[in-house]
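2 protein chains.
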Amino acid sequence: MNKKIVVIGGSAAGPKAAARARRMDEFAEITLLQKSPDLSMASCGYPYYIGGFFDDRNMLLSTPTGVVRDPKFYWNAKGIVAKVNTEATKINRDKKTVEFKDLQSGETGTIEYDKLIIASGARPKLPPIEGIDLDGITTLQSMQDADYLRKIRDEKKIKKAVVIGGGLIGIETTEALNLAGIEITVIELLPQLLAFLDYELAKLVENYVKTKANVITGNGVAKFIGENGKLTAVKLQNGTEIPCELAVVAIGVLPNTMLAKDAGLKIGEAGGIFVDEYMQTSDQDIYAVGDCTEIKNTITGHNVLAPYGDLANLEGRVAGENAILGNKVKFPGTIQTGICKVFDYHVGATGLSECWAAKAGKEVITVVNASPDKPGFMQGKLLVTKLVVEKETCKILGAQCVGPGDVSKQIAIWATAIKGNLKVEDMVNADLPYAPPFSLAIDHSIATAHIMQNKIRGLFKGISVREVKEKIDKKEDIFLLDTRGADEFEAMRLGAGETQIPVGMLRKRLNELPEDKNKEIITYCKISLRGYEAAVLLQAHGYKNVKLMEGGLSAWYYPREK
Amino acid sequence: MNKKIVVIGGSAAGPKAAARARRMDEFAEITLLQKSPDLSMASCGYPYYIGGFFDDRNMLLSTPTGVVRDPKFYWNAKGIVAKVNTEATKINRDKKTVEFKDLQSGETGTIEYDKLIIASGARPKLPPIEGIDLDGITTLQSMQDADYLRKIRDEKKIKKAVVIGGGLIGIETTEALNLAGIEITVIELLPQLLAFLDYELAKLVENYVKTKANVITGNGVAKFIGENGKLTAVKLQNGTEIPCELAVVAIGVLPNTMLAKDAGLKIGEAGGIFVDEYMQTSDQDIYAVGDCTEIKNTITGHNVLAPYGDLANLEGRVAGENAILGNKVKFPGTIQTGICKVFDYHVGATGLSECWAAKAGKEVITVVNASPDKPGFMQGKLLVTKLVVEKETCKILGAQCVGPGDVSKQIAIWATAIKGNLKVEDMVNADLPYAPPFSLAIDHSIATAHIMQNKIRGLFKGISVREVKEKIDKKEDIFLLDTRGADEFEAMRLGAGETQIPVGMLRKRLNELPEDKNKEIITYCKISLRGYEAAVLLQAHGYKNVKLMEGGLSAWYYPREK
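Just so you know, the protein sequences line up as chains A and B, in that order. According to the working numbering, the first sequence is numbered sequentially starting from 2. According to the working numbering, the second sequence is numbered sequentially starting from 2.
Hints may be right or wrong, so weigh each one.
Pairs count within a copy or across copies, as identical chains cannot be separated in the list.
[To be verified] Capping the alpha-carbon separation at 25 Å, the derived lysine-lysine pairs in BS3-like fashion look like this:
hint : residue 1 : residue 2
1    : K91       : K126
2    : K157      : K363
3    : K545      : K520
4    : K329      : K392
5    : K329      : K160
6    : K462      : K520
7    : K509      : K331
8    : K84       : K470
9    : K509      : K84
10   : K363      : K73
11   : K329      : K475
12   : K462      : K331
13   : K236      : K396
14   : K5        : K518
15   : K424      : K396
16   : K97       : K84
17   : K4        : K545
18   : K4        : K157
19   : K97       : K545
20   : K236      : K97
21   : K91       : K396
22   : K563      : K382
23   : K126      : K396
24   : K329      : K462
25   : K297      : K424
26   : K236      : K375
27   : K4        : K211
28   : K462      : K158
No lab work stands behind these hints: they were computed from the structure.
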């Protein structure tokens, strides 16, 4: 008898699981239940549809050759029965059936399974505050949300909007709505945008986003204010009122675990459906994949919610195969790699940030490297990378990278390095593709490893821009040494009482340095390469308390004199 | 007493070694002898200067902040004595001195060393054929060569040129001269361009280059023809004469080992100066770095010449440190990663090609994956990757990638995977940065690993476009199945007697397949994803000899009917 496979959920993980199951067994009876009217939506593409990067809505729903992935396509091309507008309402584990309801006709039905794959996804968090039901408040989770916001773009009526939540979706939505000609205010409850970044990198992103939108951090929405049922303003927790006609709530998502919970399946420590490495739930006939599950962070060993489109697909592939063949293939887990674009700026991270590493109880060493992705003559653009390595082993734990340069390649390199359990010394002499259109002779990632190696070996002592700012604010007795040229100093500078001596003059002008060789000297330049040379030089000349401001002025996110 | 360090060579590896030595010892006496008038030239940037990507020659010679790296800069910023126009003429190992000659004044001198670092580089190979001394024949190796070719661009007098040699430099020069408005013919002795690629990928590149230049493979230059001392044509080995006013010879480089050989230093199996993992020669007081050396290919264990700018810098850094501190740091060797751009097409490789693997005696499995780098709605561009893995272990040995898409990231991923000794199964569930502006939900590299995994597990049998073409030419009794839609078939097709059945109709039209279930059926589509689905489907329906044409029509480099 043919195997019966039922898949609940038709966005990303579900269709992938169904398709993989089909390829493993041409004769299985595979049924997909999808609550929404659409199937296999490229939901990560919504912001780009709203922002007008393309106009054909069907591109979000099509194969690369332009065939819309509707039930007819699924039946013809994949031999999969896809029921849309169909909500799975109950799983009967004893009878191995799923009850469902047609949301248009109201009809109900029951379907049998040999193996069930749950891909019920996640839903947006909504703040339980006054006015949340006003017209003009939306999330960006469904195709219908995308349609709503795209219509707003096309109608050009709305002038002001707030985006609530400064995470990936919030930031992408900010770009999309700005491109629609709408004035945006981003509101984030935490002290920084993009919580997967450490504070100092998040602040660099924030400074950039502020050139395109208003950004308010450390403040939340207390109330939505409306007239005649329509949103007119949001009131913040500090009392500020921001007039707006549109609010997009993007404060994260929650896994849809209700069906699983009702069926008595185990829910994990992070709140997602618990699965093992085969993507199998606590019931051996039921798998779960995608945003409704929690998976292991392979660095910390702890389970996490990782609602990423790429992982959903990979998990679906694993479950689809295991549902047919028995548990053959494993999904190892995640290192929580992510990336986003905001206008001409790119932001990515993989593995642990310093903050996450601290929470995981790991002692780490970090460095910040600010330098271009390519030579100046090929219009190289700045990248700022923060690398996090385990103190004891020098194993790479994580990297964050922001800037207008090629962040995607940098994060891909570090993600693969983490996969390979590489240490700093492995990356110091990595053999990466070099030609001027693509990188510097020493790729930014390798240069980052060099700086880390130098720091580990004690060739310099680093200090973060934040610590330097605190010392300045506290009027500590420090000697700030800007090692750039006079022209550069004239064009841009901290203005915090620093002394400017170009590194090329330093040997001749050592007499301008403090007499007290124990005095704290902090060196820097634009990116802190010359600052590093100066620090090494001063140490060799007997200065005992020299620190390099990591990343130099390119990492300085506070206001400057110039 | 201060340590005396002498460095011979001032292009890439030499200056890096000198600078690193300085940072390790502020008080060492460091002298750099440079035969050319310029120092620290970004020689990989020459093609882009010639091609007019930028106009300021000094950008090739400057720090990122625009300071020209001349002897004054080296003295002020680094405390390094850099003697330009100064040729090292002899190494006296017994006295530990280097003799040198000022090429402008003719004066000679001798300098003592405690540690010597040889970075004497490489020189272009020149074919020993008639007419090689005619005006209008050049290489592209030195700043002077770059000046010569840039002048040709600016003067706009020359109409036709030949580029002799279809390697990296030849290809980059082709682009540069084409951008100068010159009609180019590329002549390559081997049957293909870019010998680091396997034949089928090289042919895809060749087809692209042919849209911009004439390409002749499998033919060499027999003679340069001139009038009044000026080049007027090249005559090929098959008798063809190609009129031209300029010939750029780019048939490779030879390591400059004369000085080292004369001093009795060991020369290695590949013809470069022999060094150990500390970059130390057979004399413990002499190191050698950059293009004059040979280094270990870490996959094969054999020494190779690897004249790459990035490795030169990394080797210099290692030698500079070891010369000061004793042998502290190691250089592991190379996996011969390379990349080049030719107009809007990118070509990269890392590790072993199938051809190199065969020479190294390794049994491998390969797959070709043709698919875009990003979603269609984000203007994704095609990438064609060939992945090579060791048959016994499934360890990744090499990858080649060509196409208009983001090749650089792909090769960086595979290079890092090789560094980490990763296997196919590690890459199958890699956690790479995904957002639509940067990749598909399943990154091209991961999709490539999926195809490889499917092949290893026997889910499909692959066949290369070359083998299919041979079968067609031999009129073998095969059934060619194009699984694309009718519109696609109308727009482009092989025209080799194939049957077109869209994969979505295949289950209903199985009766159109051969009755003999043992007949050889070859399936394909544009990229062979639908071709794969068809192959799996047919196998499930009892067809016993189904093969998938890997890479589909995107990998087909022969002429087509349409």
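Given identical chains, is K329 near K462, meaning Cα to Cα at most 25 Å, within a copy, between copies, both, or neither?
-> between (50 Å within a copy, 21 Å between copies)
Alpha-carbon proximity context of K91 and K126, limit 25 Å | For K91 and K126, only the intra-copy Cα distance (23 Å) is at most 25 Å; the inter-copy one is 75 Å.
Intra- versus inter-subunit Cα pairing at 25 Å for K297 with K424 = Intra 22 Å, inter 21 Å, cutoff 25 Å: intra and inter.
Tell me, please, which holds for K462 and K158 at an alpha-carbon limit of 25 Å: within, between, both or neither?
-> This pair counts as neither: shortest intra-copy Cα distance 55 Å, inter-copy 57 Å.
Between K462 and K331, at a C-alpha cutoff of 25 Å, which is it: within one copy, between copies, both, or neither?
-> between (43 Å within a copy, 24 Å between copies)
Intra- versus inter-copy proximity for K520 and K462 (alpha-carbon distance at most 25 Å) | within (14 Å within a copy, 71 Å between copies)
Evaluate K84 and K470 at a C-alpha cut-off of 25 Å and name the case that applies: within, between, both or neither.
-> neither (59 Å within a copy, 43 Å between copies)
Intra/inter-copy verdict for K563 and K382 if alpha-carbon distance must be at most 25 Å = For K563 and K382, the Cα distance is within 25 Å only inside one copy (21 Å; across copies 42 Å).
Since the copies are identical, ignore which copy is meant and state whether K236 and K97 lie within 25 Å (CA to CA) inside a copy, between copies, both or neither.
-> neither (50 Å within a copy, 79 Å between copies)
Taking 25 Å as the upper bound on the Cα-Cα distance, should K236 and K375 be classified as within, between, both, or neither?
-> neither (45 Å within a copy, 40 Å between copies)
Identical-chain pair category, K545 with K520, by Cα at 25 Å | Answer is within; shortest intra-copy Cα gap is 8 Å, inter-copy 81 Å.
Taking 25 Å as the upper bound on the Cα-Cα distance, should K4 and K211 be classified as within, between, both, or neither?
-> neither (55 Å within a copy, 53 Å between copies)
Checked against the numbered hints above, the structure breaks hints 2, 5, 7, 8, 10, 11, 13, 14, 18, 19, 20, 21, 23, 26, 27, 28 and satisfies the rest.
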